[in-house]
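K.L.:
Each chain is listed here by its residues.
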Amino acid sequence: MLSKSKIFFKGIVAVLPHMLSVIPFGIITGAIGIELGFDPILVYATSLIIFGGASQIIFMQLLSGGASSLVAITSVGVINSRHLLYGAVLSEYLEKLSFLKKLFISYFIVDQGFAESNKYLKQNKNLSNPHYYILGTGVTLWFCWQLSTISGIILGSFIPEELGLKFAIPLTFLAIIVNDLRKLDHVFVMLVSGFASLILFNAPFKSYIILSPIVALIAAFIMLRLRK
Amino acid sequence: MTWFSIIVSGIVTYFSRMAMVALIDREMLGTKVKEVLNYVPAAVFPAIIFPGVFFNDFGSLVEITDPKLYGAIVALVVGFYSRNVIATIISGLLSYWFIIFFLLK
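Listed in order, the protein sequences are those of chains A and B.
Counting in the numbering used here, the first sequence runs from 1 upward without gaps.
Counting in the numbering used here, the second sequence runs from 1001 upward without gaps.
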């Protein structure tokens, strides 16, 4: 049986490759906030309080562009609503915990951590303390995100733009799902989501981020029905 | 006002992380819903990948010669056969850099 610290450590190791995109993205987020003219403390506060990459950038861009608070808050809410889906999946591994522990761990639920935890825990259903894995991924991502936004705030965007490191973001997510391309039903759902996102890209409040998954999950539901 | 917006955005975001974990009892989800939840990664991540690969910074479709397309194809093939996260990301980035720094120069 694996000890708690071993499980935690496994979680850390699982998300390390994703630092290739998380760290540059964090630096860019911090640097953009300063470029847009925000106080350094405010920029950092978005990392600590909102803690959600893309949503922080859009939040600051909207406010500096003169959008109302309501528009900025709505956009953040819409973009981050995908966490509801992550929570629904991960709750399977967290249901035995006390309410307080659930509240604590929830703060650390992020894209890459969710993806790696889901992948590992699905294959290790009998693990005794699965939440340590989720924590290992989440805490690692949290620390790297805080440190990289801080360095972006202090040093500015010291990563040359020519490197096009923005491209690392779709690549990390590709790395997360590439193994599921072996399953045709998953490929179908991916294609529905992908094409939906291209069609819905200009929908208000960046809502394609949540609308495309909803369309894809409805397609999955219909597919499961038809298969029976 | 900015502080107010940050705090409300933070509460909204935290709620989205916490609601399904702490407020919803799993018994409330039917077997059908649980089955559909298996597809969450397949349903969420392509919505981040597709626009990142197929759209440029201005939100229009990229040309067929765009280096991102070829970087993504290399990453896809390497990832599929290696089943390794770091190999997928690095191969995609390296091929992308090879195109922009050597082929397009």
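Please note: incorrect hints may appear among the correct ones.
Restraint ranges, calculated between C-beta atoms of paired labels, are given here [stated by the list, open to error]:
no. : chain 1 : residue 1 : chain 2 : residue 2 : range
1   : B       : L1103     : A       : R225      : 40 to 50 angstroms
2   : A       : S157      : B       : E1035     : 37 to 47 angstroms
3   : A       : E95       : B       : Y1070     : 40 to 50 angstroms
4   : B       : K1105     : A       : S157      : 39 to 49 angstroms
5   : B       : R1083     : A       : F9        : 15 to 25 angstroms
6   : A       : K183      : B       : L1069     : 35 to 45 angstroms
7   : B       : L1103     : A       : F158      : 20 to 30 angstroms
8   : A       : G156      : B       : N1056     : 19 to 29 angstroms
9   : B       : N1084     : A       : K6        : 19 to 29 angstroms
10  : B       : F1058     : A       : S98       : 23 to 33 angstroms
11  : B       : L1069     : A       : V187      : 11 to 21 angstroms
12  : A       : L2        : B       : L1061     : 41 to 51 angstroms
13  : B       : I1073     : A       : F188      : 16 to 26 angstroms
14  : A       : L184      : B       : K1034     : 19 to 29 angstroms
Rather than coming from a laboratory, the hints here were simulated on the basis of the structure.
Every residue, glycine too, gets a C-beta built ideally from N, C-alpha and C.
K.L.:
Hint by hint, say whether it matches the structure.
P.N.:
How the hints compare with the structure:
1. B:L1103 <-> A:R225: 40 to 50 angstroms: 48 angstroms, holds
2. A:S157 <-> B:E1035: 37 to 47 angstroms: At 44 angstroms between Cβs, range holds.
3. A:E95 <-> B:Y1070: 40 to 50 angstroms: At roughly 44 angstroms between Cβ atoms, B:Y1070 and A:E95 fall inside 40 to 50 angstroms, so the hint holds.
4. B:K1105 <-> A:S157: 39 to 49 angstroms: 23 angstroms Cβ-Cβ, so the 39 to 49 angstroms window is violated.
5. B:R1083 <-> A:F9: 15 to 25 angstroms: 21 angstroms Cβ-Cβ, so the 15 to 25 angstroms window holds.
6. A:K183 <-> B:L1069: 35 to 45 angstroms: Distance hint for A:K183, B:L1069 is violated at roughly 24 angstroms.
7. B:L1103 <-> A:F158: 20 to 30 angstroms: With Cβ atoms ~27 angstroms apart, the hint holds.
8. A:G156 <-> B:N1056: 19 to 29 angstroms: Hint holds: Cβ distance 24 angstroms, inside 19 to 29 angstroms.
9. B:N1084 <-> A:K6: 19 to 29 angstroms: 21 angstroms, holds
10. B:F1058 <-> A:S98: 23 to 33 angstroms: 49 angstroms, violated
11. B:L1069 <-> A:V187: 11 to 21 angstroms: 19 angstroms, holds
12. A:L2 <-> B:L1061: 41 to 51 angstroms: Between A:L2 and B:L1061, where Cβ atoms are some 47 angstroms apart, the hint holds.
13. B:I1073 <-> A:F188: 16 to 26 angstroms: Check passed, 20 angstroms falls within 16 to 26 angstroms.
14. A:L184 <-> B:K1034: 19 to 29 angstroms: Distance hint for A:L184, B:K1034 holds at roughly 21 angstroms.
Checked against the numbered hints above, the structure breaks hints 4, 6, 10 and satisfies the rest.
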